[in-house]
Amino acid sequence: MTGPLELGAEELGLAALLVLGNAALSLAFRLGLARRLLLATVRSVAQLLLLGFALKWIFASGSPTVIVGVMVFMALLAGFEAVRRTSRRVRGLHAVAMGVMLVSSLAITIYGTQFVIGVEPWYEARYLIPILGMILGNTLNGISLGLETVLEGLDRDRDRIEVLLAHGATRAEASREVVRRAARMGMIPVINMLIAAGLISIPGMMTGQMLAGSDPLTAASYQIFILLCIAGGVAIGVGGVVLACPRLVFDERDRLRVERIRTLSG
Amino acid sequence: MSLLQGRDLSRSPWFDGLDLDLEQGEIVFLHGPTGSGKTLLLRALADLDPFDRGTVSLAGQPSQAHEPWEWRSRVLYVHQGAPRLAGTVQESLEAVFSLASQGGKSAPSPAPLDPTARVDRLSGGEAQGLALHRALWTSPSVLLLDEATSALDPSASTAIETELKAWVTDSDHPRAVLWVSHDEALARRAGTRRVAFP
Numbered sequence: 001m002t003g004p005l006e007l008g009a010e011e012l013g014l015a016a017l018l019v020l021g022n023a024a025l026s027l028a029f030r031l032g033l034a035r036r037l038l039l040a041t042v043r044s045v046a047q048l049l050l051l052g053f054a055l056k057w058i059f060a061s062g063s064p065t066v067i068v069g070v071m072v073f074m075a076l077l078a079g080f081e082a083v084r085r086t087s088r089r090v091r092g093l094h095a096v097a098m099g100v101m102l103v104s105s106l107a108i109t110i111y112g113t114q115f116v117i118g119v120e121p122w123y124e125a126r127y128l129i130p131i132l133g134m135i136l137g138n139t140l141n142g143i144s145l146g147l148e149t150v151l152e153g154l155d156r157d158r159d160r161i162e163v164l165l166a167h168g169a170t171r172a173e174a175s176r177e178v179v180r181r182a183a184r185m186g187m188i189p190v191i192n193m194l195i196a197a198g199l200i201s202i203p204g205m206m207t208g209q210m211l212a213g214s215d216p217l218t219a220a221s222y223q224i225f226i227l228l229c230i231a232g233g234v235a236i237g238v239g240g241v242v243l244a245c246p247r248l249v250f251d252e253r254d255r256l257r258v259e260r261i262r263t264l265s266g
Numbered sequence: 001m002s003l004l005q006g007r008d009l010s011r012s013p014w015f016d017g018l019d020l021d022l023e024q025g026e027i028v029f030l031h032g033p034t035g036s037g038k039t040l041l042l043r044a045l046a047d048l049d050p051f052d053r054g055t056v057s058l059a060g061q062p063s064q065a066h067e068p069w070e071w072r073s074r075v076l077y078v079h080q081g082a083p084r085l086a087g088t089v090q091e092s093l094e095a096v097f098s099l100a101s102q103g104g105k106s107a108p109s110p111a112p113l114d115p116t117a118r119v120d121r122l123s124g125g126e127a128q129g130l131a132l133h134r135a136l137w138t139s140p141s142v143l144l145l146d147e148a149t150s151a152l153d154p155s156a157s158t159a160i161e162t163e164l165k166a167w168v169t170d171s172d173h174p175r176a177v178l179w180v181s182h183d184e185a186l187a188r189r190a191g192t193r194r195v196a197f198p
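So the sequence lines, in the order shown, correspond to chains A and B.
Here my numbering is used: the first residue of the first sequence is 1, the next is one more, and so on.
Here my numbering is used: the first residue of the second sequence is 1, the next is one more, and so on.
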């Protein structure tokens with residue numbers, strides 16, 4: 001296997017001709033997309049170059065403190081973003097989402113890198129950061145869907161939940177159906193991803209590894225490994241938030257306090 | 001000692017410093033203008049909503065001394081809209097009788113209702129009848145009824161009144177009913193006492 005072919009400014013410039021061609025077409029057909037397309041392209045180039053430089057610095061630092069710090073920051077940011085994507089809020093939601101995201105993604109990353117592939121040294125950023133990033137991206141979607149469904153369910157099913165409470169249900173019994181529904185909803189994207197892997201498209205990580213010169217079977221093995229890590233991370237993350245969320249909406253006497261749920265307008 | 005006793009019950013802006021005594025064997029009707037907080041009082045007595053201030057006790061034991069699920073299974077609130085649990089009539093009964101608080105009791109037959117009928121297809125009266133019977137079958141000490149027979153036809157209403165009178169005077173179990181209703185004729189027929197609220 002040969003190593004990756006280097007891409008410099010000249011090669012990227014040639015690739016950018018494709019977007020310029022699209023912009024020209026937009027102008028010719030008056031689609032009104034040229035400006036947005038060019039701005040989006042510039043933004044994506046800037047973001048990816050920035051990420052590249054940041055990762056280069058992190059990889060070069062070789063400092064476990066810096067690497068773990070960056071990982072914690074990434075996880076907390078992903079938890080914050082998961083809440084930002086929901087249309088309902090309850091006090092303490094950010095803390096729950098960020099805490100669950102931190103625990104689920106770091107636990108799976110540590111398990112995968114230390115116990116499955118045995119990364120040496122344990123803080124090797126080249127493995128830890130990309131694997132964590134992929135777990136976070138998917139867990140974020142799952143947590144966001146789970147949160148939205150559980151809060152919507154507690155709000156919408158108030159009458160049904162209170163009938164159960166009135167007949168002596170505990171908080172867990174009364175909210176069980178809503179929690180189950182939210183867990184199923186949060187897991188749907190990752191299950192669909194597992195079903196579609198390799199059928200509809202070649203997954204990004206596998207593509208990247210093959211472009212970097214890896215054997216396709218080695219690339220497939222890594223892709224399977226990362227898919228399993230993602231599935232584990234999403235399951236822990238979704239399970240954590242849908243179980244924790246009712247605690248924020250019920251009070252200390254297990255009363256359902258739907259007035260604590262705030263729906264964002266728009 | 002009263003079966004259900006409330007002291008200094010307050011919930012701003014609806015009621016303030018309210019005292020309430022419900023004796024064993026009583027069916028007490030509560031009447032007052034719409035929006036005066038009657039539903040809120042029943043819900044708070046069942047610990048589904050908080051009071052701002054005050055204490056409630058059952059046979060001398062304060063509500064705080066009970067686990068929430070234990071208190072609610074003994075002081076049971078029946079909602080005026082008869083909310084329906086999902087699935088069939090039988091499943092809606094099993095959803096309640098499978099709760100740990102019911103101690104493994106098996107769900108009774110819902111006759112004359114068809115156990116396989118979907119609850120979302122029941123008429124308003126059928127749904128209220130089911131909700132009332134479901135509550136009675138779980139054997140609470142106090143029933144808090146919130147316009148709970150408003151959708152029943154006269155014959156079904158009479159039948160449930162008879163059942164409630166027999167249920168509340170069962171000498172083996174101390175029981176009482178607190179009933180919010182705007183139906184004065186019903187209060188005269190079934191009630192042992194009427195109380196103006198607030």
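These aren't lab readings, by the way, just hints derived from the structure by calculation.
Accuracy of the hints is not assured; some may be wrong.
To be verified - Part of the chain A face toward chain B, derived, beta carbon under 8 Å:
hint, residue
1, Arg85
2, Gly118
3, Val163
4, Leu164
As the list claims (entries may be wrong) - Label-pair ranges, simulated between beta-carbon atoms:
hint, chain 1, residue 1, chain 2, residue 2, range
5, A, Leu39, B, Glu91, 54 to 64 Å
6, B, Ala117, A, Asp251, 54 to 64 Å
7, A, Leu77, B, Glu91, 42 to 52 Å
8, A, Val258, B, Gly124, 16 to 26 Å
9, A, Arg36, B, Gly81, 47 to 57 Å
10, B, Glu91, A, Phe53, 20 to 30 Å
11, A, Arg247, B, Asp8, 53 to 63 Å
12, B, Gly81, A, Pro64, 44 to 54 Å
13, B, Asp21, A, Val103, 29 to 39 Å
14, B, Ser106, A, Glu259, 50 to 60 Å
15, B, Ala117, A, Arg91, 33 to 43 Å
What the hints assert, rightly or not - Stretches of chain A that chain B covers, calculated by requiring three or more beta carbons in the stretch to come under 8 Å of a beta carbon on chain B:
hint, segment
16, 156-162
17, 167-173
18, 247-254
All C-beta atoms in this analysis are idealised placements derived from N, C-alpha and C, irrespective of residue type, glycine included.
Status of the hints after comparison with the structure:
With a least beta-carbon distance of about 28 Å to chain B, the hint placing Arg85 (chain A) at the interface is violated under the 8 Å criterion. Interface restraint check for Gly118 (chain A): the shortest CB-CB distance to chain B comes to about 46 Å, outside 8 Å, so the restraint is violated. Of the supplied interface hints, the one on Val163 (chain A) holds, with its beta-carbon coming within about 5 Å of a beta-carbon of chain B, less than 8 Å. A least Cβ separation of about 7 Å between Leu164 (chain A) and chain B falls short of the 8 Å threshold, and the interface hint therefore holds.
Checked against the given bound of 54 to 64 Å, the beta carbons of Leu39 (chain A) and Glu91 (chain B), roughly 55 Å apart, stay inside it. For the pair Ala117 (chain B) and Asp251 (chain A), the beta carbons lie near 36 Å from each other, so the given range of 54 to 64 Å is not met. Here the CB-CB span from Leu77 (chain A) to Glu91 (chain B) is close to 44 Å, well matched to the stated 42 to 52 Å. Checked against the hint of 16 to 26 Å, the pair Val258 (chain A) and Gly124 (chain B) passes, with Cβ atoms roughly 24 Å apart.
A C-beta distance of roughly 50 Å is found between Arg36 (chain A) and Gly81 (chain B), which places it inside the suggested range of 47 to 57 Å. Distance hint for Glu91 (chain B) and Phe53 (chain A): a CB-CB separation of about 60 Å, inconsistent with the stated range 20 to 30 Å. Roughly 30 Å separates the CB atoms of Arg247 (chain A) and Asp8 (chain B), a value that falls outside the hinted 53 to 63 Å. Separated by about 60 Å at the C-beta atoms, Gly81 (chain B) and Pro64 (chain A) break the suggested range of 44 to 54 Å.
A hinted range of 29 to 39 Å for the beta carbons of Asp21 (chain B) and Val103 (chain A) is inconsistent with their spacing of about 51 Å. Remark: the range hint 50 to 60 Å for Ser106 (chain B) to Glu259 (chain A) is contradicted by a beta-carbon distance near 37 Å. Here the CB-CB span from Ala117 (chain B) to Arg91 (chain A) is close to 42 Å, well matched to the stated 33 to 43 Å. A count of 3 residues in the segment 156-162 of chain A with a Cβ less than 8 Å from any Cβ of chain B is obtained; the coverage claim is therefore met, three being the minimum.
With 5 residues bearing a CB less than 8 Å from a CB of chain B, the segment 167-173 of chain A meets the requirement of three and the coverage assertion stands. Figure legend: the segment 247-254 of chain A, annotated as covered by chain B; annotation consistent (3 residues with Cβ-Cβ distances under 8 Å, at least 3 required).
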